[in-house]
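Asker: The lines below spell out each chain.
Number of protein chains: 2
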Amino acid sequence: MKQTFKPYYAVIFTSTQNENIEGYSEMANKIEHLAKQQKGFLEMDSARNEVGITVSYWETIEDIKLWKQQSEHLEAQQKGRVDWYSWYNVRICKVEREYEFLKNEL
Amino acid sequence: MKQTFKPYYAVIFTSTQNENIEGYSEMANKIEHLAKQQKGFLEMDSARNEVGITVSYWETIEDIKLWKQQSEHLEAQQKGRVDWYSWYNVRICKVEREYEFLKNEL
Numbered sequence: 001m002k003q004t005f006k007p008y009y010a011v012i013f014t015s016t017q018n019e020n021i022e023g024y025s026e027m028a029n030k031i032e033h034l035a036k037q038q039k040g041f042l043e044m045d046s047a048r049n050e051v052g053i054t055v056s057y058w059e060t061i062e063d064i065k066l067w068k069q070q071s072e073h074l075e076a077q078q079k080g081r082v083d084w085y086s087w088y089n090v091r092i093c094k095v096e097r098e099y100e101f102l103k104n105e106l
Numbered sequence: 001m002k003q004t005f006k007p008y009y010a011v012i013f014t015s016t017q018n019e020n021i022e023g024y025s026e027m028a029n030k031i032e033h034l035a036k037q038q039k040g041f042l043e044m045d046s047a048r049n050e051v052g053i054t055v056s057y058w059e060t061i062e063d064i065k066l067w068k069q070q071s072e073h074l075e076a077q078q079k080g081r082v083d084w085y086s087w088y089n090v091r092i093c094k095v096e097r098e099y100e101f102l103k104n105e106l
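If you read the protein sequences in the order shown, they are chains A and B. Quick note on numbering: full-length UniProt numbering labels position 83 of the first sequence as 83, and the sequence is numbered without any gaps. Quick note on numbering: full-length UniProt numbering labels position 24 of the second sequence as 24, and the sequence is numbered without any gaps.
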């Protein structure tokens, strides 16, 4: 942990989907594009097998609140509950430490 | 957010792998099995596409430290750096809020 480490925030979104997810992928792309333009957005990672995990990183908790209330994002959340997700869980976290490994290729 | 919400901790492990990951899957299973027996372990979710994301949840930050130092886990971390991962990032986070959606099937 660097002495200069500045805490930031993570939203861990874990989900399982319905069988029919028509329209999901277009919406996911649109929402990712919008998130990246949003104030305080830092980074986003996604992967899905049996369960889907999307983690987005934000400068402050206020940035997360504003993003949660963004109008097109609200619409997507509503559509997600009605059409795409059988279950989801959202966790708001403070990132307190971080370390990274990058392989030196010979 | 429930008024009774008790914070806990998350380890977000994000990674990219080498092409040859011989032995990885056996080790991943073994390590998951060991983690679940470890003091303070709560839950774990994993998914991998271009990037792999594994999030494990723990009662306290001390539980995470002890798990990081567990001997077979140390061995796996070492093998991961040498053989399997081209890059990884570990974030230690405090989970401050959580909410869940479960679809009511008609």
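Check the hints yourself; a few may be wrong.
Stated by the list, open to error - For lysine-lysine, the following DSS-like pairs were computed, each having C-alpha atoms within a straight-line distance of at most 30 angstroms:
#: 1; chain 1: A; residue 1: K103; chain 2: B; residue 2: K36
#: 2; chain 1: A; residue 1: K6; chain 2: A; residue 2: K94
#: 3; chain 1: B; residue 1: K103; chain 2: A; residue 2: K6
#: 4; chain 1: B; residue 1: K65; chain 2: B; residue 2: K103
#: 5; chain 1: A; residue 1: K36; chain 2: B; residue 2: K94
#: 6; chain 1: B; residue 1: K68; chain 2: B; residue 2: K103
#: 7; chain 1: A; residue 1: K94; chain 2: A; residue 2: K39
#: 8; chain 1: B; residue 1: K68; chain 2: A; residue 2: K94
#: 9; chain 1: B; residue 1: K65; chain 2: A; residue 2: K79
To be verified - Some chain B residues judged to face chain A by a derived CB distance under 7 angstroms, without partners named:
#: 10; residue: F5
#: 11; residue: P7
#: 12; residue: V82
#: 13; residue: N89
#: 14; residue: V90
#: 15; residue: K94
#: 16; residue: R97
#: 17; residue: E100
#: 18; residue: L102
What the hints assert, rightly or not - Sample of chain A residues lacking proximity to chain B, with all beta carbon distances greater than 12 angstroms (derived):
#: 19; residue: T14
#: 20; residue: K39
#: 21; residue: T54
Quick caveat, the hints were computed from the structure, so don't treat them as lab data. We put the CB at the ideal spot given by N, CA and C, even for glycine.
Asker: If a hint holds in the structure, say so; if it does not, say that too.
Answerer: Now for the hints, and whether the structure bears them out:
1. K103/A x K36/B: holds (29 angstroms)
2. K6/A x K94/A: holds (10 angstroms)
3. K103/B x K6/A: violated (38 angstroms)
4. K65/B x K103/B: violated (36 angstroms)
5. K36/A x K94/B: Within the cut-off at roughly 24 angstroms; holds.
6. K68/B x K103/B: With Cα atoms ~36 angstroms apart, K68/B and K103/B exceed 30 angstroms; violated.
7. K94/A x K39/A: Answer holds: K94/A to K39/A is near 18 angstroms, not above 30 angstroms.
8. K68/B x K94/A: holds (20 angstroms)
9. K65/B x K79/A: violated (40 angstroms)
10. F5: Nearest chain A Cβ about 11 angstroms off; hint violated.
11. P7: violated (9 angstroms)
12. V82: This interface hint is violated because 9 angstroms lies over the 7 angstroms limit.
13. N89: holds (5 angstroms)
14. V90: holds (5 angstroms)
15. K94: holds (5 angstroms)
16. R97: This interface hint holds because 4 angstroms falls under the 7 angstroms limit.
17. E100: Given a least distance of 5 angstroms, the restraint on E100/B holds.
18. L102: Holds. Min distance 5 angstroms.
19. T14: T14/A is in fact no farther than 12 angstroms from some Cβ atom of chain B, at 5 angstroms.
20. K39: holds (20 angstroms)
21. T54: Given that some Cβ of chain B is not farther than 12 angstroms from that of T54/A, nearest at about 8 angstroms, it is violated.
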